[in-house]
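Starting from the given sequences, assemble the full structure and let the hints guide the process.
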Amino acid sequence: MIAVKVDSVKKTFKAEKSVVTALQQINFDVSKGELFGLIGPDGAGKTTLFRILTTLMLADEGTASVDGFDVVRDYKEIRKRVGYMPGRFSLYQDLTVEENLSFFATLFNTSLEENYDLVKAIYQQIEPFKKRRAGALSGGMKQKLALSCALIHRPSVLFLDEPTTGVDAVSRKEFWELLRDLQKHQITIIVSTPYMDEASLCDRVALMQNGKIMEINSPKGITENFKKPLWAVRGENMYQLMQTLQASEAIDSCYPFGQYHHVTFTHAIPDSQAEIELAKIAPVLEVKKIPATIEDCFMELMRQ
Amino acid sequence: MRILRILLEKEFRQIFRDPAILRIIFMMPMIQLLVLPMAADYEIKNVNVAVVDLDHSTYSIQLVNKVKASGYFNLVDYNESFEKSLEYVEHDQADIVLQIPASFEKDLVREDKATLFMALNAINGVKANLGGAYLRSIINDFNREVRLDWVQLPRVNPQPTFQISSINWFNPLMNYKIFMVPGILVVLVTMVGSFLTALNIVKEKEVGTIEQINVTPIHKYQFILGKLIPFWVLGLTTLSIGLTLEWIFYGIVPVGNLSTIYIFAAVYLLGVLGLGLLISTYAQTQQQAMLISFFLIMIFILLGGLYTSIESMPVWAQVFTKFNPVSYFIEVIRMVVLKGSTLYDIRFHLMAAAAFAVVLNSWAIVNYKKRS
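So the protein lines, in turn, are chains B and W. Its first residue numbered 1, the first sequence is counted upward by one per residue in our numbering. Its first residue numbered 305, the second sequence is counted upward by one per residue in our numbering.
You may find that some hints are simply not true.
Said to hold, decoys possible - Computed from the model, here is a short list of chain W residues facing chain B with C-beta under 8 Å:
id, residue
1, I307
2, K314
3, R317
4, Q318
5, R321
6, D322
7, V511
8, G512
9, E515
10, N518
11, V519
12, T520
13, I522
14, N665
These aren't lab readings, by the way, just hints derived from the structure by calculation. By construction, the Cβ of each residue, glycine as well, lies at the ideal position given by its N, Cα and C atoms.
Below is the structure:
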């Protein structure tokens with residue numbers, strides 16, 4: 001069953017004198033109960049897409065539906081059944097945790113008690129602070145409160161716009177575990193993130209760039225599509241090494257990834273020859289073959 | 305109903321948690337009503353006069369003493385040079401130069417006629433005008449006294465004369481405070497009603513909470529009512545505080561019925577709240593809302609008849625005042641407080657206020673979009 005369907009959606013913004021295309025011909029489907037990731041850098045159009053799907057914005061062209069309801073015609077139905085967590089913390093900072101929750105619950109004509117089983121796992125973590133004002137919570141706690149508020153009415157589709165931006169590594173990990181748990185309740189989750197490492201935690205991801213979807217696949221499918229052998233290279237002077245490699249004819253691509261540079265060759269060469277070939281171009285300390293990550297695929301797609 | 309109740313509950317919670325709003329609601333009326341009326345005084349006192357006395361006669365000294373004794377004038381200098389006195393005017397130390405010519409007393413006695421010269425500093429038009437008028441009337445008085453000194457008037461005046469006596473209706477002592485204070489209160493109620501509403505909604509836009517509200521299934525009217533009702537209550541609270549302060553500190557008790565004021569205020573506030581709502585639909589940030597409000601309040605006050613009477617404005621400005629809700633309430637509150645007007649007397653004002661409420665709110669509701 002399809003929970004979210006996006007069909008050739010286009011959106012442009014007028015800025016000063018130029019026209020900015022935020023989304024161009026976006027198509028994708030998300031099935032019920034799926035954890036779907038929109039991966040892309042800032043400005044890729046993720047938030048615009050979310051705002052269209054949550055009925056806050058109208059698309060210029062194309063149609064979209066959530067839970068079988070059209071986002072333009074049946075927006076009232078959609079507002080009853082989606083949960084939206086904007087990228088910026090948008091709850092009342094001067095109300096307490098408890099007051100925020102009961103406020104949003106009442107707006108949806110429900111109560112915390114009614115859906116306690118759904119939010120329990122998250123709410124328990126912030127319950128000790130329930131008398132504290134939302135503005136005084138830490139970043140991770142704010143995210144959990146926002147997620148609780150987005151879930152309070154048992155939505156069938158949950159939209160999370162960059163939920164982990166600005167959250168520490170431990171909280172991020174916890175947050176993704178919570179999302180996994182939520183899937184058990186048959187909630188479709190669409191999550192956007194600029195972090196490539198989070199993509200592997202989704203069922204399927206769409207790689208977005210400049211208002212276009214470059215590829216939609218499972219994280220595994222995406223990395224498997226990376227056909228060229230990939231090498232991690234380390235050298236004495238990493239910056240010089242990168243410049244030399246990028247200038248070389250024999251090297252197809254070279255990007256810095258933490259301690260290593262990820263390198264592909266223009267022509268296929270036997271694995272045993274790689275280190276020798278690289279040594280010919282520049283002095284290297286270590287060369288090893290590695291499987292491609294989502295980020296490698298993203299970089300590769302961006303080049304095309 | 306449950307949704308509206310939680311919206312109101314949330315709004316009041318936020319209001320009572322915001323010390324700034326409480327300060328505005330309780331402190332602003334106190335300060336404005338207690339301090340402003342002292343300053344907003346029409347009477348001109350302390351007009352500075354420099355006298356050039358070239359005569360130094362008994363009469364000239366008598367005249368100068370009379371001017372000094374009137375209580376309206378400060379004698380800056382008493383000298384023999386017009387140039388020197390004019391310097392005081394140039395340095396803004398004197399408002400009026402009164403020159404008494406050398407032959408003042410001689411002419412007065414011999415020719416039955418003498419001339420005096422008066423130069424007014426017209427930079428402050430009001431002061432020059434009123435000061436000049438006061439001085440003229442003192443000189444006239446002096447003139448009469450001089451004539452009485454000379455001729456024993458017959459018991460019955462041979463020539464028919466008019467005698468005019470006047471009585472000040474509704475404000476017998478011409479106490480300007482009774483007139484000003486209710487007007488200032490109107491401006492206060494307007495500010496609380498419109499600008500606090502506008503700032504409150506724009507704040508939700510700025511913080512982003514309005515997005516979170518917009519994705520919920522609540523209706524437009526619920527959201528708007530949830531915003532209007534609290535500020536309607538606050539506006540009436542400010543009015544009550546203001547009326548109490550007026551009674552305590554100035555002893556102003558409306559001649560008319562208090563309920564007339566409240567009924568009008570209730571309708572009027574709806575219009576003012578609509579204005580706030582309208583501002584909020586156009587402004588994106590609190591700063592913008594603030595600047596729009598600033599601009600509007602200036603117009604409201606200057607074209608509202610608070611300080612200057614509407615009847616003496618040019619015709620185009622009088623047309624403008626018809627579109628200024630504040631001018632109606634200022635007129636109504638003065639009518640009720642001073643004259644004791646009834647609901648029937650203010651029926652046209654009430655209709656105008658209702659029209660403002662309908663127009664401004666409809667405009668705001670049409671312009672308020674839950675999505676862009």
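### Message
Could you work out which of the previously given hints the structure breaks and list their numbers from low to high?
### Response
The structure breaks only hint 14.
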